[in-house]
Amino acid sequence: MTQDYIRQRERRTGWYLTLPAIFVLLLVYAYPIIWAFISSLFTENLSTNLEQEFSGVENYVRLALDGRFWNSLWNTAVFTVASLIIELVLGLGIALTLDQAFRGRGFVRTAAILPWALPTALIALAWRWIFNDQFGVWNDMLMNWFHIISEPISWLGDPTWAMVAVIAADAWKTTSFVAILLLAGLQSISQDLYEAHAIDGASPWQSFRQITLPLIMPQILIAMLFRFALAFGIFDLVLVMTGGGPGGATEMVSLYIYDTVMRYLDFGYGAALVVVTFLILITVVAIAGLGISKIRTATGEESS
Amino acid sequence: MPQMLSNGWGWSRRWISRWLLLAIAVTAVLVTLGAGAGSQAESVTITFLVRAVEAQQLQLLADQFEQEHADININIIEGPNAADSVENLYTTSFLLGDSPYDLVYSDVVWIPKFAAAGWLQDLSDRVSDDDLSAFLDADVTAGRYQDGLYRMPFRSAMGMLYYRTDLLEEVGAEPPETFADLIAVSEAVQESTDTQYGYVWQGLQYEGLVTNYVEIVAGYGGFWVDPETLEVGLDSEAGINAAKFLKQAIDEGITPTGVTNYLEEDSLRVFENGNAAFLRNWPYVWAEANKEGSPVQGKIALKPMVHEANASPAACLGGWGFGVSASTPHPEAAWEVVDFFTSRQGQKQFALEHAYVPSRRDLFTDPDILAKFPHYEQLLEVAETTIPRPPVGQYAQISDILQRYLSAALTNQMTPEAAMNKAAGETRRVLGESA
Amino acid sequence: MTTTQPSTTPPASEAQGNRIPWQRLALWATVIFTVFFSLGPPIWELLTSIKTNAAITADSVVYLPAFDQFTAEHYIQLFTRNRFHIYILNSLFVAIVSTVLCLGIGSPAAYALARLQIPGERIVLTGVMGVTLFPYILLFLGLLRLVQFAGLANNYLALIIPYTAINMPLTILVMRSFFQQLPKDLEDSAKVDGYNVVQMLWQIILPMTLPALVTTGILAFIFAWNEFIFALTFITRESMKTIPVAAAQLGGTSLFEVPYGPLAAATIIGTLPLVLLVLFFQRKIVQGLTAGSVKG
Chain A
1 MTQDYIRQRE
11 RRTGWYLTLP
21 AIFVLLLVYA
31 YPIIWAFISS
41 LFTENLSTNL
51 EQEFSGVENY
61 VRLALDGRFW
71 NSLWNTAVFT
81 VASLIIELVL
91 GLGIALTLDQ
101 AFRGRGFVRT
111 AAILPWALPT
121 ALIALAWRWI
131 FNDQFGVWND
141 MLMNWFHIIS
151 EPISWLGDPT
161 WAMVAVIAAD
171 AWKTTSFVAI
181 LLLAGLQSIS
191 QDLYEAHAID
201 GASPWQSFRQ
211 ITLPLIMPQI
221 LIAMLFRFAL
231 AFGIFDLVLV
241 MTGGGPGGAT
251 EMVSLYIYDT
261 VMRYLDFGYG
271 AALVVVTFLI
281 LITVVAIAGL
291 GISKIRTATG
301 EESS
Chain B
1 MPQMLSNGWG
11 WSRRWISRWL
21 LLAIAVTAVL
31 VTLGAGAGSQ
41 AESVTITFLV
51 RAVEAQQLQL
61 LADQFEQEHA
71 DININIIEGP
81 NAADSVENLY
91 TTSFLLGDSP
101 YDLVYSDVVW
111 IPKFAAAGWL
121 QDLSDRVSDD
131 DLSAFLDADV
141 TAGRYQDGLY
151 RMPFRSAMGM
161 LYYRTDLLEE
171 VGAEPPETFA
181 DLIAVSEAVQ
191 ESTDTQYGYV
201 WQGLQYEGLV
211 TNYVEIVAGY
221 GGFWVDPETL
231 EVGLDSEAGI
241 NAAKFLKQAI
251 DEGITPTGVT
261 NYLEEDSLRV
271 FENGNAAFLR
281 NWPYVWAEAN
291 KEGSPVQGKI
301 ALKPMVHEAN
311 ASPAACLGGW
321 GFGVSASTPH
331 PEAAWEVVDF
341 FTSRQGQKQF
351 ALEHAYVPSR
361 RDLFTDPDIL
371 AKFPHYEQLL
381 EVAETTIPRP
391 PVGQYAQISD
401 ILQRYLSAAL
411 TNQMTPEAAM
421 NKAAGETRRV
431 LGESA
Chain C
1 MTTTQPSTTP
11 PASEAQGNRI
21 PWQRLALWAT
31 VIFTVFFSLG
41 PPIWELLTSI
51 KTNAAITADS
61 VVYLPAFDQF
71 TAEHYIQLFT
81 RNRFHIYILN
91 SLFVAIVSTV
101 LCLGIGSPAA
111 YALARLQIPG
121 ERIVLTGVMG
131 VTLFPYILLF
141 LGLLRLVQFA
151 GLANNYLALI
161 IPYTAINMPL
171 TILVMRSFFQ
181 QLPKDLEDSA
191 KVDGYNVVQM
201 LWQIILPMTL
211 PALVTTGILA
221 FIFAWNEFIF
231 ALTFITRESM
241 KTIPVAAAQL
251 GGTSLFEVPY
261 GPLAAATIIG
271 TLPLVLLVLF
281 FQRKIVQGLT
291 AGSVKG
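These protein sequences, in sequence, are chains A, B and C.
Taking my numbering, I'd label the letters of the first sequence as residues 1 to 304.
Taking my numbering, I'd label the letters of the second sequence as residues 1 to 435.
Taking my numbering, I'd label the letters of the third sequence as residues 1 to 296.
Chain A on its own, in the form it takes in the complex (with noise of 0.2 Å):
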């Protein structure tokens, strides 16, 4: 009796302890979307001073015939999906590596986690620095210590290197993060399974195949997840580095929708770009969940 009583009391002042934290990430996280939602059905433009009025489905409409939003949600799926294969291969890669002791493994862990730690705006400063085309360091690398180039390359002046200058400045960041995070998993692996495999004769690759891989996918497959959502919302890095040049080359989604907003004061049909890009994001993760899920059963794993 009293038992019950004391686990009720328990519940309820757990859900009591809760409440603030639902609170606040309804309020951040759901009170816009659902705002957008609304919102995206009425015309309103500060910038022609009209009045809030109702209009339907026209935002969407026009947001079907908008060449510079599919433009943009182009450049994004590119950027997101060249990062991600790039920071999961080169991470994978380095985590493969340095799963092995050695003196120094902290400095290298600390290094690693640097990218990670620093502002990606302040970091887009260098980047831009870094690849600025008369005085940039990598051009000179480039021409005076590899020999590869001749004449400086515009980096950011050209619509092709500028996409793969974001994508280079978004894998430094996110590499060692990567091959940090696999690391940890791969550590947690047993040594006795790689001993038990290659007594039976089993050659390296073969172990990474059959051990290695399927041990650490759920690993892969979250912090792709997560990472795929992060690429896709990718702005301070490109507001700072190209503003979204040349010629739009490598504007992304997010800079279309803060430029809708804040410079063409066109809200309405910001909450309708707002909800699109919503709803494409939530249906990649659905699959992508759905696909998860699926082959953490075929590997045998419980979800947690």
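These aren't lab readings, by the way, just hints derived from the structure by calculation.
Just so you know, nobody snuck in bad clues.
A few chain C residues facing chain A, derived, Cβ under 8 Å:
{"#": "1", "residue": "Leu113"}
{"#": "2", "residue": "Leu133"}
{"#": "3", "residue": "Leu279"}
Every residue, glycine too, gets a C-beta built ideally from N, C-alpha and C.
Position chains B and C relative to chain A; hints supplied.
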């Protein structure tokens, strides 16, 4: 066991709670202060935002004003050097409310948006038409929006063509009048002398690119957007030809390929180092290129931009002026500042000191000014050919569209025709949606 | 069973007893690559920040400044002309307050989710993890309107509240996993002694999870310090801006020029606190991140 623990950890628990209480108290105090922070000075402070380099130059006038007005202080905040960024800063501050700015140091093209959004005070009651007639017409018009006056012109600017007198003499050519002439003379100079480039301008994807285009499309007899009818002229023959001309200049080597990354400073550097025959840029180039140690000192002249035979030359109007924020707590003091800066005395001093172009007509022929800058009489000619960029509320949007597509055409991402056609389509959709 | 080797090298060669040299070589190559790769850009910024303008824009790139190319003028300029100390204080204030708030709100919630089996626990957890997927740009529009209506422009609350929310999921997840690892007997005997939940949490549990609080606090501090889009939008008063925004908006001393020297100096100053944090707390940071992300 809990007892033992609380003894062992007791110090840390108390330590935590003390620090936490302190943190909360400090937070509460600071947040309240932060919310109320702002203007608590006895004397009035008028604040506005200016690009960093010009902010330092305006300080001269601000100091004078403060000397004459003991109870008004001027706080000029330094902003980034790109005009777009400064516009965004102003926009954000007004949009959010609680703007720290009393005045807006405004470019010519910001007024429709700011006025439409209700962020500026109508100044028509403060100046008579007589007073306004002392300013250049185009500059005054730039400050108008739907029957109201929202900006007092301070300094003007116009795009023009600079050229190397010595190089033209060497190849025996007259200063070009048409586009074809420009190309021909450039090629001649590049061939006969060891000058690397013919015609240099600003091709980066930013507002400067648009100002280049505006002059050229007018030179072909076309237009960008008609403010009365909201008709779009980008995909007309003139519009496309203008884009093609710029592309052609790059393709034929008259213009450096790096031009798609050039701001005003970059193009000036090429010209100043003697590597180009023609430079399209703004008035400040004269003083820069003629200063001591410049390789082209004394060898340059200026003229209105080239045009087709059946069109007239056009100079893109630029320049800056003052608007008064609608939400300023000190409208009277703010107006005093505006009046001072835009007065004849204020503009004359600023022009003499920093070689900027005034917006008052009689200053162009003022003896003191002519003594220092004899070319200002020529400038007046150019000033009378200025054309505005479309004064529509969605200017930022259509400018961004044109910038993007022009830049895409110049960097070989699409043909000039395709670029202009798409730009026109999107511009129409943007303009068409307003009531 | 075979004796476990003291080092944790991957398979194959181990069983044979000899380390293949190329494996060791690959290791060191990777180490050198990782270190240079990670430290390269910050070090370059550091070098740029102490070079004179002439050295920065010299025709051939100056790597290590010669004696006459050293200068502290960029840093001096930052503090005299641009009053950078103000921005540092602003960033510190916002980051510390939001961190404290986040821990204060998040830890109890984490405990409740770990031990108290509240109704709807699954939903809350899924929701908490789900929101980490939201890009901030989607939130900023709605929050902008909120700030307008509530008149929170140029009020640090406009930053503190979003930062608290943004750091909440990580806080909850990390603290929850720590709480779950605590032995239950502690709480059981506390209950026997008559402590109620809140007292127990405050007086007993929290002190034990101090290391976890520090870890989470550091992570929250880093995120808050680095945040850009909200700081860019919601604070328009110059004197209230945070470091990333102020640095990105630095103007130059000549028309149309980008001030590379002062920008580099601003970058170094803006990242220095974080570098120090990482230096001293590297282990904890990694712990916290792996705990937060490994969780299903």
